[in-house]
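Numbering-wise (my numbering), the sequence shown opens with residue 433 and increments by one.
Read the hints as simulated data drawn from the structure, not as lab findings.
Since the structure is predicted, the reported quantities are computational estimates derived from the model, not experimental observations.
Take the hints with a grain of salt, since some may be wrong.
To be verified - With a cut-off of at most 27 Å between alpha-carbon atoms, the simulated DSSO-like pairs for lysine-lysine come out as follows:
1. LYS499 / LYS552
2. LYS499 / LYS473
3. LYS552 / LYS473
What the hints assert, rightly or not - Simulated restraints, written as ranges between beta carbons of each label pair:
4. ILE558 / GLU512: 13 to 23 Å
5. ALA472 / TRP583: 16 to 26 Å
6. SER460 / ASP511: 21 to 31 Å
7. GLU512 / ALA456: 15 to 25 Å
8. THR541 / THR441: 22 to 32 Å
9. GLU512 / THR441: 36 to 46 Å
10. CYS448 / GLU568: 44 to 54 Å
11. GLU502 / ALA449: 53 to 63 Å
12. ASP511 / GLU556: 55 to 65 Å
Glycine included, C-beta positions come from ideal geometry on N, C-alpha and C.
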Amino acid sequence: MKKIFISLTSILLPFCAILLPFFALNYSGFCFRELRYLNAKEKMESLFNIWNRSSFSKSIRIDGEYKILEKKNKYTSFDEFLAKHPDCCEIDPEGGYETDPPNFIDRITGYDSGTKILIKFNQELIEPNGNILTREVQLVDRLQNCGESRW
433 MKKIFISLTS
443 ILLPFCAILL
453 PFFALNYSGF
463 CFRELRYLNA
473 KEKMESLFNI
483 WNRSSFSKSI
493 RIDGEYKILE
503 KKNKYTSFDE
513 FLAKHPDCCE
523 IDPEGGYETD
533 PPNFIDRITG
543 YDSGTKILIK
553 FNQELIEPNG
563 NILTREVQLV
573 DRLQNCGESR
583 W
């Protein structure tokens with residue numbers, strides 16, 4: 433019994449010693465693909481790019497009926513977006529922005545960085561009759577460690 437315990441321990445200890453730094457770096461938000469941490473602007477830009485590439489139309493309820501509206505402007509870059517909306521973005525904002533707490537397994541595997549990102553701005557949409565409708569948009573999400581969407 434003692435020999436089994438010693439041999440099992442001699443196998444598991446090195447295995448855990450190798451995985452522990454990997455899990456700790458993932459938990460802290462380290463991006464292994466780029467071998468660095470993403471800065472705040474890169475995280476916000478990743479979420480913006482996911483939104484900017486999304487479908488070009490949106491269904492909104494107006495006066496009791498749903499209408500398909502198109503985005504008036506699609507931005508060419510995050511810098512262009514920041515020029516129009518300079519105070520749009522926050523990392524880990526205070527307040528009641530509802531997102532589920534990160535799961536421990538997701539954190540140690542890098543699937544969830546644990547950093548909450550808020551992008552808040554006014555979006556112009558074009559109604560079918562050509563009128564322009566302005567709506568406030570709030571994007572609140574957490575990304576993976578290298579900036580990919582969790583969804």
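Hint-by-hint comparison with the structure:
no. : hint                        : in the structure
1   : LYS499 / LYS552             : holds, 23 Å
2   : LYS499 / LYS473             : violated, 34 Å
3   : LYS552 / LYS473             : holds, 15 Å
4   : ILE558 / GLU512: 13 to 23 Å : holds, 19 Å
5   : ALA472 / TRP583: 16 to 26 Å : holds, 21 Å
6   : SER460 / ASP511: 21 to 31 Å : holds, 28 Å
7   : GLU512 / ALA456: 15 to 25 Å : violated, 38 Å
8   : THR541 / THR441: 22 to 32 Å : holds, 25 Å
9   : GLU512 / THR441: 36 to 46 Å : violated, 58 Å
10  : CYS448 / GLU568: 44 to 54 Å : holds, 49 Å
11  : GLU502 / ALA449: 53 to 63 Å : holds, 55 Å
12  : ASP511 / GLU556: 55 to 65 Å : violated, 19 Å
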